[in-house]
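Line by line, the protein sequences give chains L and E.
Note that our numbering gives residue 206 to position 206 of the first sequence, counting from 1, and the numbers run on in steps of one.
One gets our numbering by counting positions in the second sequence from 1 and adding 1000 to each.
Because the hints were derived from the structure by calculation, they are not lab data.
Mixed in with the good hints there might be a few duds.
[As the list claims (entries may be wrong)] Simulated pairs of lysine-lysine, DSSO-like, Cα-Cα distance not exceeding 27 Å: (1) L/K650 / L/K228; (2) L/K197 / L/K839; (3) L/K835 / E/K1164; (4) L/K219 / L/K206; (5) L/K839 / E/K1353; (6) E/K1392 / L/K804; (7) L/K835 / E/K1382; (8) E/K1382 / E/K1353; (9) L/K839 / E/K1392; (10) L/K650 / L/K256; (11) E/K1212 / E/K1228; (12) E/K1382 / L/K830; (13) L/K835 / E/K1108; (14) E/K1024 / L/K839; (15) E/K1392 / E/K1212; (16) L/K830 / E/K1392; (17) E/K1024 / E/K1228; (18) L/K603 / L/K590; (19) E/K1108 / L/K839; (20) E/K1395 / E/K1353; (21) E/K1228 / L/K835; (22) L/K22 / L/K482.
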Amino acid sequence: MTDIIFTDKQSPASVSSQTTSKTNCPYCGVGCGIEATVENNKVIAVKGNAEHPANLGRLCVKGSSLHETQGFHNRILSPRVYGKNVSWDEATSTVAKHFQDTIAQYGPDSVAFYLSGQLLTEDYYVANKLMKGFIGSANVDTNSRLCMASASAAHKRAFGEDVVAGCYEDLTSADAIFIIGANPAYAHPIVYQRMIKAREENPTRKIVVIDPRKTATAKDADLYLAIKPGSDAYFYNGLLLYLAEQGKLNNDYIAKHCQGFEQALQTAQSQFADIAAVATACDIELSLLLESYQIFAETDNVVTFFSQGINQSSTGVDKGNAIINCHLATGKIGREGAGAFSITGQPNAMGGREVGGLSNQLAAHLYFENSNEIDLVKRFWQAPNIATKEGLKAVELFDAVHSGKIKAIWIMATNPVVSMPNANRIKRALEKCPMVVVSECYENTDTVNYADVVLPASTWGEKQGSVTNSDRTISVHKSMIKAPGEAKNDWQIITDVAHALGFKDAFNYQHPVDIFREHAALSGFENSHPFSYKRDENDVYRVFDISALANISQAEYENFSPIKWPINSANPKGLKRIFTDGIFATKNQKANFIPIIAQLPRKLPGNNQVVMNSGRIRDQWHTMTRTGRVAKLMTHSDEPYIAVNPDDAKRFQLEDKQLAVLSNLGAEFIGRVNITTEQRNGEIFVPIHWNDNFSASARVSALVNPISDYICGQPEFKHSPVNIKPFNSVWSGYLISSQAVNCQTNYWSKIQLEQGHKYLLSDQQELGDDESILANLYPTIDDWLVLKDDQQNVLRIAGFIDNKLHCFFAASTNLDLEFNTRFIEEQLNKTHPIKTRFKLMSGLDSDGKNDVGTMICSCFQIGEKTIKETIESGQCKSVEALGEKLKCGTNCGSCIPELKAFFT
Amino acid sequence: MTNTPSPTADRLTNQFSESVTQLKPLLVIIGNGMATGRLLDEIIKRTPNKYQITVIGKEHFGSYNRIMLSAVLAGDATIDSIMQKPPAWYKEHSINFLSGSLVTYIDKKTKVVELASSAQINYDELIIATGSRTAEIPAKNQDVEGIFNFRDIADTQKIQAFAKQEGSSSKQAIVIGGGLLGLEAAYGLAISGVEVTLVHRNKWLLNRQLDKVSGNMLQSIMAQKKIKFALGHEVASFENTIESNAERKVKSLSGVTLTNGEFISAQMAVIATGITPNKKLAEIANIDFNRAILVNDYMQTSDASISALGECCEHNRATFGLVDPIWGQCITLAERLCNNVKKPFQNAPVPTKLKVSGVQLFSAGDVEVSEGSQCFTLLDKKALIYRKIIVKNGKISGIVLFGDVSSGMAYFELMRQQITVNTMMPELLIGDEFVTTIENEQKVSAA
Ligand SMILES: Cc1cc2nc3c(=O)[nH]c(=O)nc-3n(C[C@H](O)[C@H](O)[C@H](O)COP(=O)(O)OP(=O)(O)OC[C@H]3O[C@@H](n4cnc5c(N)ncnc54)[C@H](O)[C@@H]3O)c2cc1C
Ligand code: SF4
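Chain E extracted, bound-state conformation:
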C-alpha cells in the first residue's frame, strides 16, 4: 500500500502540479523522540510551509519529555504532564503524524521508507532520529518475566505497575547500572516503597562523572534513601521460578546471581547499564555508520538526502546521551534544511547533573588526574560537599562538584574558553566570586 497523504488545501490550489509530492519537498522524519520534537519547533520557527512533513514514531504518543520519566517514576510528575506535543499539535501544523509505526527499511535510491506495516512513504529529505535503546548485558537467562528497560513511557508504566502491584508482600528490585539512569531508576523505585539493590560494575557510582570520594558521597546519600548497593560486580545470571498457569509456563524472576556468586533476591530487575544507538536502518540502507550513524558537521549522512540526529548519530567520533548537544544539532539541521545556511555543529562537553532530589552534582571534563595535571579539592565530609578542579597546562580540564554546585557554570565557561586559571587557584575552587575579588584587586593595584 502506497501512502498517499491526505491533500491539503494548499496543494489543491496549486494548478501547476500533478502530484502533491512535487508541490512541496517531502520531509520525512523517522522517530518521534526529543530530537524530533525540538527539530519540528526549529523548522516551524523558520519556514512553516517549506516542507510537507511526515513524522513516523514507534511509540504511541506525541513527542514528550523523556528526561522527565525519572520524575514520573519518582511520582513527581505524571505522563500527562510531560507530554509536549499531543497528536493535535501535528494536525495544527499540517504535519503527517504516524504514531505506533515502526520504520523497517529505507531505499535511498527510490527515496522511500517502508514501515512494518509494509506501507511506503516517499521522501525528498529524510531524517533518522531513532535515538537509542538500553544496552544489553551479558548475563544469562534473560528471557524471564520481570526484567525491564527504562527508556520510554511503556517501560516506565510497566515498572510502575510492578511497584504498585498489590499482594506481593515484599517487593524487591534490582537496578543494574550505577550511571545517571540507573540511579534515577533506583531512586524512583525506592521512593515508591520498593526494596532496591543497585548492582554496579565499578567500585563507585557514576564512575564516569565522579571520582571515588564524590562517588562514595553519592552512595551514602542514596543509602539514606534506603537503596542497597552491590558494587564492583556484575550480574552473571538471572534466576527464576516457574509458575504454570492454564495456558503456559511462566518464568518469573526470583533474583540475580552476581559474578562473585552472591545471590540477591528480587522480583523485578531494571537494566540501565547504558545505551546503544539505534542504527539498524542505516545498516540496512548501506549508509555509513560506526558506533552510530555517521554525520558530518551539517548532520548529513553519507547519503546527501539523509540526515541523522540525536542519540542515533555519531559526529566526530562522539555519540550522544544528553539533550544539550542535540539541541545544537537541531539548529544546525534546521538552518540547512530551511534556510540553506551551513552552520556547522560544534560538539562541546556537557556538564552532568543528576535528577535525584537532595543530590547536587556537577561534573564536566576529566574526572581523574593525568600526567602533568594539578588537582585541587575541597572536602566537607559532614556536609557531604566536595569540589574538585583539575588544572592542566594552567587551564581547567575537569570539574567535579558534589553537594554544592555553585559556580559550576562559571568553571564550565572557563574550561570551555580555555582560560588560564592557575593564579586563581585555589580561591576559584571555593567560588568564582572570590576570583572576581582577586581580579578586581589586581585591577585596583594596577591602576
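The shape of chain L in the complex, shown without the other chains:
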C-alpha cells in the first residue's frame, strides 16, 4: 500500500473563464444576431453580431438588456403533479397515461397541444410530429395563430405557398415603404432603424405610414394617413382602382405571371364609384389619399410592410391579399426593393409555420387538402396514425376545451390566459379541463396557475435549436449555460412523453441536430422543385426546402451561419429573394389575384362605446414574463394606459392621468388615461403587455371578442367595441417593495425595479390610517414607520426588516399628485440608521435633486427633465449633440423619435 502523499500543488488558478457565443435574440421577429459572453454559468454581456444579416451588429434596448433577464430567479425547478414536486419519470408517465387514457376513451381529437412562436424549430417539429403523425389528431395550434395566421394564409392564396418573398435588404433599397398596421419603431426597432437610416442616406426615399393611431412610426413618416380602423382593405382596393384608372398597371406582368386580375379589379370597382368614395370609406382627406396613391404608382421600388394591424382582424387574410394584389398588379414584387413584406411578431413564428405547427397545416409546408401530401408525410414519418384533416384553430381549440370536447391539453411556452381573446373564458376552460399540462420556465405565470402538471423547461441561453426570422433567415440559438434545477429542453420533454406513449423508435433523438436533419430531410422529401417548368399533376412541391442541410454535421450545426431558405441543391447558399422570375408556387405557376370585398370589422361599436385597438409599446415584449423583469425596460411606460382622444375624454368624463375602466364580456381593463390627439375620435388604444402578474385588470385579451378571420381563424385583436368610464379612485399611491406581493387594491400595476418591485395603486375604498393595509402582505414585518393625517387623506408606510428598508408605501387622496419614486427605490434593501430613517418618509433625498423626469432613454436612464435642462441651457441643439453630451439615444436608438420631438 502506498502512502498518500499530500503535495501543496495548487489547484488550477481560479480564473473564471469567459466564453463568447454567437446566438440570437429571442424577443421579436427581427431575429437579431447576438454575441453573448458567459461567465460562471451566467450570461454577463451581450452585443450585436456584426455578421448577422438581420441586424448587422445593432441591438435594440430589449436585446441589449438580455443578460439582465438572466438569473434563475423565479424559475420552476422541478416537475410538479397536482402541486407536488415529482421526478421526471413520474411527471412524464402521468402525462403519457392521461393522454393515453383520454385518447383510448374519447379518440385522438380529445387531446391537444398549444404551442408557441417562442419554441425553437426542433421543439415544434417533435411536438407536431407526435400529435399529427402518432397520436393522430391535428389539434396542434400555436400562439402564432394570434399573430401570423392571416399573412400565412394570404401568402398561400396568392403565391400557392406561405412564402415571404423578400428580405430585410429590400427595406433599405426600396424608394417608398408603405407601413400599414405596424409600428416597427416600437415593435421591430432594428428593422425600423435600418429603414430610417436608408432614408437619411437618400432623402428622396419616402416612408408612408397608414395607421389609425399616430404611433412613433407615424410621427417620423413623410406622409401619414390616419385611416379609420379596419379600413385597410378599402385603402388597397382603392389603390388597385387608382392604378387601373391612372394606367399604372403592369399589364405585361399581369398577363405573364398572374391570373384572376379582371375579377379582382371588378370586385374592387363594384365597391367604389370613385376614389373619393374610398377616401370616405377610409375616413381620410382625398388629397392625402391621392398623394399616397401617387407615391405608390410612381415609385418603381415599393415595399408594403405590414404586421399585426393587418393580421389581427376578422378579415386579415383578405387584407393581406388586397395588399398583394396591388404589388402583383404593378409587378412590384419579386425583385430588389419591391414586395409585400409581412413581419412576424415572434422570434420563431416562421419556424413554426415551416414545421407545420398550425392546426391547418400538416408538416413542412404540406397540407391536408391533397391526399398525396398526407401520404408523403405518412411515409416519411412511418406514421401509424397520421392525421387526415385539419385540427382546431386557437380560438376553437380553447372553445373545445371549454365545452369539454378536449379533455387534455398540453401548453408549451405560452401564456394563453393572458394572450387569448376573451381570456377569462380561457381561465374557466382550463379550470374545467381534466388535464392541463404546462411546460414553462417561470413560476406563477397566469397560465401555470391553472396547470395540473407543470414541466420545467429550459429557456434562452440554455437550449439549443434553430429559429427562422421574418425574412426566412435560419439561425441557431446556442446552449451556453446550464438550466437550473431539473429544467429540460422542450424537445426532450416531448420526446420523453413520446417514448412513454410507446413511440420510441420514431423519436430517437439524442441532440437537436438529429431533429434538424430530419426536418431538413422532410422538406426535401419527394419535393419536385416548384420552379422547374416541368411538373406532373401529382407532384408535391414546395418552396420551403432546406434539404441541403439534411446531412449537416453536429459541428456545422453548432457553428451555423445564418442563411435564408430555400437551401437545396439548386440554392446551396440559400436565396435572398423568391419569385424573382415571376414563377409562383401554384399549380400553374401563376400568382393569384384574389377578389376582395373590403369589410369593416364585424362588430361595430354601440352608441356609448369606443373601439379598442391594442398593440405593443416600445420596450416590452409579449406578456412581460421576461422583459417585465428588467428594471430599465419598465421606466419608459410603466403602467397600462388607455390613449383617448380629447373629445372622447370629454364625452366620458375622463381626466388625463386618472384611471379609467374598459369593460366587455364581463371583463375589465383598468388603465391610466392618456388624452392625446394621436388617437382618433371614438377609438382608444391599449397596450397588450400587462397581465394578472403585472396589473389588477389589464389583460386586454379578456375584452377582445372571440371573432376570428373566417379563413385562418386569427382573432380580431385590433377592433373591439368596449364601454369606458372613469375609475373614480378615492386615493392613489405607490408601493416599493423588495418582494413581490399580492396587492388587494382595486387597481394596481407592478413595475420591476433593480432592487424589487414598484406597484402603482389606486383604490375605491377609504385610505386607512395605519400599517394594517400592508401588514397582511408582509406578515414577517413588525417594524413599521407610519406617516398619516387624521382625515385619511395622506398615508405613508415604511416597513423594515433588520433595519433594511423592505417596503415603502405612499398614498394620498389628492389624485393629481405625481409621485417621484427614484430616490426611495434606491433606498430599498439598504440599512438606514434608526435615528434618521424617518426622513425616508419624504420619499425624497433632502437635496431634492433626484428627479430626472419621465424616462426617455431607457438604456442610459436619461429623463425628460435632464434632457430639457440640457437643451434649455443651450448646450445641445440636435439629437446628435444630446447623444454626445448625455449619451441618450446612442445605444439602441429607440428613443430617437422622442428626442427629436424635443426640437420641434
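Following the hints, put chain E with the ligands in place on chain L, whose structure we already have.
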C-alpha cells in the same frame, strides 16, 4: 432699625445732597432668582450708574441658574458650577445685596419694604421678583419627614442628602407629578440609585406638552431608566412610621396611599405637581393680583412705582413657568427704568424641552386636535420617534416632536408667523429641508 446703606464715594462727593437717597433713585428688588439675575445684567448694560440698587433675596446664595438644579440632582453639575453671580459680583457693581433676607411687607405709601428682621428699606422703584413655589397637593398627613420640594438649592441638597444616605439598604422615593419638573427629579433620583415611582394624575406623562402616543414613548424611555410609574392616580395620603428619639417623636415617611387605595412604600417623596406664584406681598400691599401679580405691557403693577417680573407676575392672563418669556420681561423693564423707553412685552408661546439625557422632545402650541383642525403624524415605534403637526385654517397650531426634534424651531417660526403651510404638508412634518425643496421647485417652475 432703619437700613442705611453704606455710603459710596459717589455719594459723598455729591455736594448738593443731604441724603444719599436723594442723590440717586433707589431701586429695590425683592427676590434674587433668575429673573433678577438677568434684569441686573440688562440694567448694568444700559445705565450702570442710574440707580442705587438693592437686591433682597431669601436664599443664601447669589443668583444661580435654577434650571440646572436638575443637572445637579442627576450628578451632571455641581452647585458651584451653576452659580452665576457670587456675592462679590454685587459688590463689584455697587449693588447692595441682602441674602438670606425675607421681605415681609411693602408699604407703597411710604415706599418702604420691610424684612422679616423688621429692617426697613426705602425705595423709589420697587421690583417684585419672588418667583413661585411648589404647588400644594391635597393629600393628607403632610407633616411627615421625608417630603421635599424641588425648587431651590436647599431642596436639592436635602434630596441629595437623602439619596446618598448611608445605611438604609433600600432607598425608595415617590415623585409626585409627571410634568417636566417631576420627570427631571425622578430621573435625577433614579440616576443616583434610588428606586423611584412617579405618581401622575393623568394617564400619560407631560400631558400638557405631549399626546398619548408621545407620552407613552416618554414613559417607555423613562422606564428603561428604572423608573416605575403609577399613572392616572393621585396621592391620597402620606403614611408614616413613628420613631421616638431622645427629644421628640419623629414621623418618618413610610409610603403613600393612592386614590385607588394602592400603597407604595417610600422613604422620601418629592412634590413636583406644579408651581404657585409668590404673590403674597402684593396681597398685603393691596396691589392688584389675580393668579399672580398683575402687570401691564411694561411690567408695571397697579402701583406705578412697583413692577413685577418672572414667575410671580401675570400678564394678559398668562403666568410663567419657563425662562424664555422672562428674558423678554427683563428687557422691557430695563428699557423703561433705564431709558424711559416703552417697549411693550409680548408674550409668545415657548416650546418645551426636557432635560433628561436620551430624551428629545419639543412641544409647542396645541397638543390635541380641535374642531376643524387636521393633524399629521409620523410614528417610528422602534426608533421611538414621533412627530406631529396640527394644522388649523392652513396654519400650524401645534407641534409635538418626540425622539427627534429637528426642524422644531422652523415649525415654531412658521407657527409664530402664522404662515400658511397646507401645501407643504406632509413633507414639512418630515423636515423643513423638504419644504425648501418644494419651494425651490415651485420657483423653478414659475420662472
Ligand atoms: C429644577 C428646575 C428646573 C427647571 N428647568 C427649567 C428649564 O429647563 N427651562 C426653563 O425655561 N425653566 C426651567 N425652570 C423654571 C425656571 O427656573 C423659572 O422659570 C425661573 O427660575 C423663574 O425665575 P424667577 O426669577 O421668576 O423665580 P425664581 O428663580 O424662583 O426666583 C425667585 C427667588 O425669589 C426668592 N423669594 C421669594 N419670595 C421672597 C421674598 N418674599 N423675599 C425675598 N426673596 C424671596 C426665592 O427664594 C427665589 O430665590 C426650572 C425650575 C426648576 C426648579
Ligand atoms: S429588434 Fe430588438 S427585440 Fe427584436 S430581435 Fe432585434 S434585438 Fe431582439
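Now the hints, each set against the structure:
With a C-alpha separation of about 21 Å, the suggested pair L/K650 and L/K228 falls inside the 27 Å cut-off, and the hint holds. Our distance criterion of 27 Å between C-alpha atoms is broken by L/K197 and L/K839, whose separation comes to about 49 Å. For the hint pairing L/K835 with E/K1164, the CA-to-CA distance comes to about 36 Å; that exceeds 27 Å, so the pair is violated. Among the hinted pairs, L/K219 with L/K206 is consistent with the structure: their alpha-carbon atoms are about 13 Å apart, no more than 27 Å.
Using a Cα cut-off of 27 Å, the hinted pair L/K839 and E/K1353 holds, with the two alpha carbons roughly 22 Å apart. Between E/K1392 and L/K804 the alpha-carbon distance is near 36 Å, which puts this suggested pair outside the 27 Å criterion. Under the criterion of a C-alpha separation no larger than 27 Å, the hint pairing L/K835 with E/K1382 is consistent with the structure, at around 10 Å. At most 27 Å may separate the alpha-carbon atoms for a hinted pair to count; E/K1382 and E/K1353 meet this at roughly 22 Å.
Restraint check for L/K839 and E/K1392: satisfied, since their Cα atoms lie roughly 24 Å apart, inside the 27 Å limit. With a C-alpha separation of about 56 Å, the suggested pairing of L/K650 with L/K256 is violated against the 27 Å cut-off. Taking the CA atoms of E/K1212 and E/K1228, the gap is about 18 Å. The hint holds against a cut of 27 Å. Between E/K1382 and L/K830, the direct Cα distance comes to roughly 17 Å. Compliance with the 27 Å bound is thereby established for this hinted pair.
Among the hinted pairs, L/K835 with E/K1108 is inconsistent with the structure: their alpha-carbon atoms are about 58 Å apart, more than 27 Å. Simply put, E/K1024 and L/K839 have alpha-carbon atoms about 60 Å apart, too far for the 27 Å limit, and the pair is violated. Distance restraint check for E/K1392 and E/K1212: the Cα-Cα separation of roughly 20 Å lies within the 27 Å cut-off, and the hinted pair is therefore satisfied. Simply put, L/K830 and E/K1392 have alpha-carbon atoms about 37 Å apart, too far for the 27 Å limit, and the pair is violated.
Between the alpha carbons of E/K1024 and E/K1228 the distance comes to roughly 57 Å, so the proposed pair goes past 27 Å and is violated. Among the hinted pairs, L/K603 with L/K590 is inconsistent with the structure: their alpha-carbon atoms are about 36 Å apart, more than 27 Å. Between E/K1108 and L/K839 the CA atoms are separated by roughly 59 Å; this puts the pair beyond 27 Å, and the hint is violated. Simply put, E/K1395 and E/K1353 have alpha-carbon atoms about 22 Å apart, close enough for the 27 Å limit, and the pair holds.
For the hint pairing E/K1228 with L/K835, the CA-to-CA distance comes to about 26 Å; that is within 27 Å, so the pair holds. For the proposed pair L/K22 and L/K482, the alpha carbon gap of about 17 Å is at most 27 Å, so the pair holds.
Consistency with the previously given hints fails for numbers 2, 3, 6, 10, 13, 14, 16, 17, 18 and 19, ordered from lowest to highest.
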